[in-house]
Amino acid sequence: MPRPEAAKSTLPQPGRPVPSRAYPGALIVVEGTDGSGKSTQLYLLKRWLEIGGYRLHFTEWNSSPLVKSATRRGKQRRLLTPTTFSLLHAADFADRCERQIMPLLQGDYLVLADRYIYTAFARDASRGCPPRWLRNLYRFAPIPDITFYFRAPLDIAVHRILSGRPKLKYYEAGMDLGLSYDRAESFRLFQARILEEYDKMVDTDNFVVLDGTIPVNKLQKQMRDIVASKIDLKRFAPHAAEAE
Amino acid sequence: MTDQEKEKEKSAAALTATADATSAPVPGTATKTPTEEEASQYFYGEALVGFDPSEITGSLIVIEGMDGSGRSTQIALLQEWLESEGFAVQTSGLRRSNLVGRDIDELLAKNAVTRLTLSLMYATDFFDQVEHRILPALRSGTVVLADRFIFTLIARGVVRGINRDYISGLYAMALRPHLTFWLNVRPETAFAREFKKAQAISYWEAGRDMSLSHDLYWSFIRYQTMIKREFEVMAKRHNFIELDGEASVSSVNKQLRQRIAEQLGIRATKYSPSAALAHLWR
Chain Y
9 MPRPEAAKST LPQPGRPVPS RAYPGALIVV EGTDGSGKST QLYLLKRWLE IGGYRLHFTE
69 WNSSPLVKSA TRRGKQRRLL TPTTFSLLHA ADFADRCERQ IMPLLQGDYL VLADRYIYTA
129 FARDASRGCP PRWLRNLYRF APIPDITFYF RAPLDIAVHR ILSGRPKLKY YEAGMDLGLS
189 YDRAESFRLF QARILEEYDK MVDTDNFVVL DGTIPVNKLQ KQMRDIVASK IDLKRFAPHA
249 AEAE
Chain U
488 MTDQEKEKEK SAAALTATAD ATSAPVPGTA TKTPTEEEAS QYFYGEALVG FDPSEITGSL
548 IVIEGMDGSG RSTQIALLQE WLESEGFAVQ TSGLRRSNLV GRDIDELLAK NAVTRLTLSL
608 MYATDFFDQV EHRILPALRS GTVVLADRFI FTLIARGVVR GINRDYISGL YAMALRPHLT
668 FWLNVRPETA FAREFKKAQA ISYWEAGRDM SLSHDLYWSF IRYQTMIKRE FEVMAKRHNF
728 IELDGEASVS SVNKQLRQRI AEQLGIRATK YSPSAALAHL WR
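Quick note, the sequences are listed as chains Y and U, same order.
Counting in the numbering used here, the first sequence runs from 9 upward without gaps.
Counting in the numbering used here, the second sequence runs from 488 upward without gaps.
Derived from the structure by calculation, the hints contain no laboratory data.
Don't be surprised by glycine CBs; every beta carbon is placed ideally from N, CA and C.
Do not rely on the hints blindly, as some may be mistaken.
Said to hold, decoys possible - With a straight-line cut-off of 30 Å between C-alpha atoms, the simulated BS3-like cross-links for lysine-lysine are:
{"#": "1", "chain 1": "U", "residue 1": "Lys597", "chain 2": "Y", "residue 2": "Lys83"}
{"#": "2", "chain 1": "Y", "residue 1": "Lys54", "chain 2": "Y", "residue 2": "Lys229"}
{"#": "3", "chain 1": "U", "residue 1": "Lys597", "chain 2": "Y", "residue 2": "Lys76"}
As the list claims (entries may be wrong) - Across the chosen pairs, the derived CB separations fall in these ranges:
{"#": "4", "chain 1": "U", "residue 1": "Thr712", "chain 2": "Y", "residue 2": "Arg140", "range": "41 to 47 Å"}
{"#": "5", "chain 1": "U", "residue 1": "Arg663", "chain 2": "Y", "residue 2": "Ser237", "range": "38 to 44 Å"}
{"#": "6", "chain 1": "U", "residue 1": "Ser559", "chain 2": "Y", "residue 2": "Gly61", "range": "56 to 62 Å"}
{"#": "7", "chain 1": "Y", "residue 1": "Arg140", "chain 2": "U", "residue 2": "Gly752", "range": "47 to 53 Å"}
With the rest of the complex left out, here is chain Y (with noise of 0.2 Å):
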């Protein structure tokens, strides 16, 4: 007797949009520009579901080992144009697509991305990258459920970097652009121009705004209260598999 044919895979097509609802999992990022909060803010969003003992999966941007050596190399012997810049982060993000964030979303996780397509459309459209072909490059990402943008005033945001780090490296201080000789204020003109592009996607890209100057554990409630309102948690819990 010829077996019930397996359900059609609902996973989303390369290069093609991602229809809003094709898989059970939820998706939360967090985006902005360095030293506005979000890391610190994701990682204590990850702990409280991880002692609660949700499922879930946390990613990180430019983390996959495949092209690791790639950008290593691009950066060091400064190869890197905003053009190659991109398609290396992209590539990068594909890999991580393909193999952790689509199969976990499909398989009902709880994904948490400290970072997403919109730090590539934020920071190379600063580099002058035109901003359809960035959209174009990553129209096989998943919607997120919800983006959090943690805004900080421009000062605020590069005071945080530059008094914790001895050196700025070439490429994240933007010195590939021409702005400035000097890496710090080469630092400054490129993270502005990044948070106005940022700024830009607020209203198009459905971001849920966070002070990121407001005290930590203040801001933390804020984004618990969020998540719980806007994701069905017990979906993630535990033994929610056995109870249904």
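Since chain Y is already given, all that's left is putting chain U on it; use the hints.
For chain U alone, kept in the frame of chain Y given last:
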């Protein structure tokens, strides 16, 4: 020597030094962005960051065709002919970038990569060569012979199920070639030639990742037929000059020389290979 010629010589010297790739841009000298009209003349979609059309003095000539179509043979012969005519020649090809050429080799060897990531790595390799090899050459009046171009990369992606608009959009910032030749051969001929060359057919050439057949021959034929179909679609849209890749090396070469001479505005198309390349002349 006029000033202009001196400038050209200087940029040709800079090209061989490749030091320009590592030097930092000078603040306050940002290049102007080309108009949309200028962009569409040189690119399929958008212009590359920092592109200045007035600098382009060379010619970009692309030779496309499947493995075993005779591309590399023709490029070796064309390079010798052009150099004997006094033209500076630069070549490019897939996986030849300093940035990620070797990384792609490794990915292919390990076979541990998804189709989208691989496509994007090839795109990175392509644009690295455009920006660090092809554009500097075109700025110095060099003839660039490209052994394959975006068309192979688009075809490979599309037959693996990547959306056509997506992958074309990826290459919107690719330079439009002055001439694109397509050496068209039957997959059966390509198989025979490739097998003769290496006594084997590689995993990727046969499209083994696509699970078309466990039989290597049929896998190769089916895969290359799919690629060929994509080329037929692109040939019309992008004005390929289609040549019969099954004709003799000398007759294909003659047709190539005629069209290239026209493009470069020279009369001389007579050529017979030197002793070093005579073995290619069948």
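Hints, verified against the model:
Between the alpha carbons of U/Lys597 and Y/Lys83 the distance comes to roughly 24 Å, so the proposed pair stays at or under 30 Å and holds. In summary, the hint linking Y/Lys54 to Y/Lys229 is supported, as the alpha carbons are separated by about 13 Å, within the 30 Å threshold. Pair hint U/Lys597 plus Y/Lys76 holds up; C-alpha atoms about 16 Å apart against a cutoff of 30 Å. For the pair U/Thr712 and Y/Arg140, the supplied restraint of 41 to 47 Å is violated, since their beta-carbon distance comes to about 34 Å.
The given range of 38 to 44 Å is broken by U/Arg663 and Y/Ser237, whose C-beta atoms sit roughly 51 Å from each other. Our hint of 56 to 62 Å for U/Ser559 and Y/Gly61 holds, since their Cβ atoms are close to 59 Å apart. At roughly 36 Å, the beta-carbon separation of Y/Arg140 and U/Gly752 lies outside the given 47 to 53 Å, and the hint is violated.
This entry does not satisfy hints 4, 5, 7, going by the numbered hints stated previously.
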